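S.K.: If you want the building blocks of each chain, they are given just below.
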Amino acid sequence: KAGVTQTPRYLIKTRGQQVTLSCSPISGHRSVSWYQQTPGQGLQFLFEYFSETQRNKGNFPGRFSGRQFSNSRSEMNVSTLELGDSALYLCASSSAAIQETQYFGPGTRLLVL
Amino acid sequence: EDQVTQSPEALRLQEGESSSLNCSYTVSGLRGLFWYRQDPGKGPEFLFTLYSAGEEKEKERLKATLTKKESFLHITAPKPEDSATYLCAWGGSNYKLTFGKGTLLTVNP
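Each protein sequence line maps, in turn, to chains A and B.
For the first sequence, the working numbering gives the first residue as 1, with consecutive numbering after it.
For the second sequence, the working numbering gives the first residue as 1, with consecutive numbering after it.
Since the hints were made in silico from the structure, they are not lab data.
There could be a bad hint or two in this list.
[To be verified] Distance condition first, Cα-Cα at most 30 Å in a straight line; then the derived BS3-like pairs of lysine-lysine:
1. Lys59(B) <-> Lys1(A)
2. Lys1(A) <-> Lys42(B)
3. Lys79(B) <-> Lys101(B)
4. Lys1(A) <-> Lys63(B)
5. Lys42(B) <-> Lys79(B)
6. Lys57(B) <-> Lys42(B)
7. Lys68(B) <-> Lys57(B)
8. Lys13(A) <-> Lys57(A)
9. Lys69(B) <-> Lys59(B)
10. Lys13(A) <-> Lys101(B)
11. Lys68(B) <-> Lys57(A)
12. Lys57(B) <-> Lys101(B)
13. Lys1(A) <-> Lys57(A)
14. Lys59(B) <-> Lys42(B)
15. Lys68(B) <-> Lys101(B)
16. Lys13(A) <-> Lys42(B)
17. Lys57(A) <-> Lys69(B)
18. Lys79(B) <-> Lys59(B)
19. Lys57(A) <-> Lys79(B)
20. Lys101(B) <-> Lys59(B)
21. Lys79(B) <-> Lys1(A)
22. Lys57(A) <-> Lys42(B)
23. Lys63(B) <-> Lys79(B)
24. Lys69(B) <-> Lys1(A)
25. Lys57(B) <-> Lys79(B)
[To be verified] Just so you have them, the derived chain A footprint on chain B, three or more residues with Cβ under 8 Å:
26. 40 to 52
27. 94 to 103
Remember, predicted model here, so these are calculated numbers, not experimental data.
Yeah, the Cβ is synthetic: ideal placement off N, Cα and C, and Gly gets one too.
Work out the full structure: start from the sequences and follow the hints.
M.R.: Rendered as structure tokens:
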């Protein structure tokens, strides 16, 4: 089975721009979660989607948004980028029971200049 | 506030020198305790899931155990390729994982 894929793998943006990241889950997985990883804060939960519905959201500003499509693929968007948004953005998929194992993709490395 | 704390922050071992990593949690409603391994520049790789106190799981040189408030990852006779950051995470009923900051393990040949 193919793993979780994320595109693009690397991005460089400037402050004020917006960015869209994409995630394709493992085949058959209907839950997709997004996390931000930085050296200082570690892995922090952004949001989780199941069947195109957001079921939970972390403590991030409204500039961070996401969506899920009918084929379970997901995108996250960050508008008005700030320097502090530089991070590794990780997507994880699971089979969607309340607490099943989440499998992570390789991440998208975002650098904001 | 739900918290997951890992110790030590960093651990340096000689090849073959066994040790343990600790993950303690102050959470309500534990539904799963997860261990991951992360290599630099890569996403976390799943290792184990533990659901109830007393449960143990093994994979090669790694063994994970769970009590009511802690989990341990025991590494027996480690090799240099075991060098990585080991992350533990708590899963509740709210569809998210709460991660600790990780333990950076270095195994010298």
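S.K.: Evaluate each hint against the coordinates.
M.R.: We went through each hint and held it up to the structure:
no.	hint	in the structure
1	Lys59(B) <-> Lys1(A)	21 Å, holds
2	Lys1(A) <-> Lys42(B)	19 Å, holds
3	Lys79(B) <-> Lys101(B)	23 Å, holds
4	Lys1(A) <-> Lys63(B)	26 Å, holds
5	Lys42(B) <-> Lys79(B)	20 Å, holds
6	Lys57(B) <-> Lys42(B)	24 Å, holds
7	Lys68(B) <-> Lys57(B)	16 Å, holds
8	Lys13(A) <-> Lys57(A)	25 Å, holds
9	Lys69(B) <-> Lys59(B)	22 Å, holds
10	Lys13(A) <-> Lys101(B)	27 Å, holds
11	Lys68(B) <-> Lys57(A)	27 Å, holds
12	Lys57(B) <-> Lys101(B)	22 Å, holds
13	Lys1(A) <-> Lys57(A)	29 Å, holds
14	Lys59(B) <-> Lys42(B)	21 Å, holds
15	Lys68(B) <-> Lys101(B)	20 Å, holds
16	Lys13(A) <-> Lys42(B)	21 Å, holds
17	Lys57(A) <-> Lys69(B)	26 Å, holds
18	Lys79(B) <-> Lys59(B)	14 Å, holds
19	Lys57(A) <-> Lys79(B)	39 Å, violated
20	Lys101(B) <-> Lys59(B)	23 Å, holds
21	Lys79(B) <-> Lys1(A)	29 Å, holds
22	Lys57(A) <-> Lys42(B)	24 Å, holds
23	Lys63(B) <-> Lys79(B)	15 Å, holds
24	Lys69(B) <-> Lys1(A)	35 Å, violated
25	Lys57(B) <-> Lys79(B)	20 Å, holds
26	40 to 52	holds (count 7)
27	94 to 103	holds (count 9)
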